[in-house]
Amino acid sequence: MYMRINDSLNVCKEPMPLCDSSLPLPRPVRIIDLSAEKSAIKEHDMDVFAVILGGVYRDSSIERFIEKLIDDPQVYDRKGKSCFFNVLLMAYFYLLKNDKRMAGRMRDVLKANVRFFPKTVLCFNFHFTGDEFVDSLVLSAQWLGDYYGESRFLNLCYKTHVSRESVSADMLAEFMRRLAESIEHVPREYVLDFLRNVFLHDTVIYHTIRAEQLVRIVFSFLKSRTQGKKEHHLIPAYRLSMSLLQTFSCSSLFSLLLDEVLRLPPGGKKSQSLRSWFEIKSDVSFEKYRAAIKNSCDSYESMLRIFDDISGCVYAIAGPCNMAPLLGFLDLLLLVFSTVSVEFLARLRVRLIKAISRVFLSMQNTVKDCHVLEADTVDNILLENKRLWPVLSKFVLAMHRMDAADSTKTSKKKNTRTSPTQSSLLVLIEKIKRFELLLTSKPGCEMLAERLTLLKNRSFEIRAIDIPADI
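Take 39 as the starting number for the sequence shown in the working numbering and just add one per residue.
Only pairs whose alpha carbons sit at most 25 Å apart, straight line, appear in this in silico DMTMM-like list of lysine to aspartate or glutamate: (1) LYS119 - GLU81; (2) LYS319 - GLU250; (3) LYS308 - GLU325; (4) LYS268 - GLU298; (5) LYS406 - GLU474; (6) LYS119 - ASP83; (7) LYS469 - ASP417; (8) LYS319 - ASP346; (9) LYS106 - ASP137; (10) LYS106 - ASP83; (11) LYS157 - ASP110; (12) LYS149 - ASP85; (13) LYS480 - ASP417; (14) LYS157 - ASP169.
What the hints contain is simulated information worked out from the structure, not anything from laboratory work.
Turn these sequences into a full structure, and let the hints guide you.
Here is the structure:
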């Protein structure tokens, strides 16, 4: 909630002591220290600081506090230093109105302590100053509650700094980060109006431009501003593109957005991991999925996005299907297992096990539906079986060991309770065994009985469990 000074407050040209004022302000005695002590802050109460530093008056006590604040030795912990920086920022805006000479000193203190800037929203009425360093801080700290206000705020930033050729890469990256975050909170039906306000407010084409033209203008801006930029400045552009694509995923603009995104500079490894997702969306193929998985091995966020795509395709398969794509999806899921780090795998394991189980259920239904498997299908199964089943055995063993390493939960009756990983793994093993049995007993598959590579029961015991036949 914003805490702002009442418009009815009297404007004073000369400083007057706060204790003599009848202004309806919170008493600052408990949070500021005007004694001989070196530290200027007693308590980091941002709401009270926002009120006493955001007024339209001058106060001698506040100005003495600010003078002391500039020379504060900053004997605070990490959290205290973050709060201290926020107070410095609010004090700077107080000085802009009342003492521009001291505001210059405060700016130097801000620059020296920028590493402590927490980038959190403050309940304070900031504004753009034309100083790029200060305005980049405002871009992170300011928050407006309505979509129109946010779009106008970003438009002011766009006109003041971002539209200029001389804009710094850091300011540009912060603008794109903020824009992407805002788009994610704007209702889908208002996003185009939001973008129109940000980029075209007060222009002659504001009311006449079509949606397709607006998209091209936004990406023309992104391409021109990101050309030749470093990796960490390219990533916000791809994240902004991601927000737009997710917003218009079911829109006629989706194809246009994809085409425009793929014209952005490719960047380095992190940018490439984001770009891989766009390439998959433009032309879905198993080869592009494989490339995307390998490019995203160091980014959990990118890997999770690709895994969600693959598992979404797997769960969308209803009824019998061609065996080739099912084996392709199994290959991709096992590639995820082989590629990601142990830390990523620990977070994905239950979902990964369930997705592979779903693939085997679909393959089982496909084999059941075919009275006789064609020779080409049998050959393909044999080929993929020899390649994938050793990896599948390693996967089952790795999941078993990972689960065994976790502490077993015990119920009040001292009976061990099966973990989600273990129960999912047992279901997967049962489905693999049923699929193998079904294959070897199918007419026309007699040769598979001798040549099929089976799942290895290495160093773990498959417990006998009752699983419904239709699971």
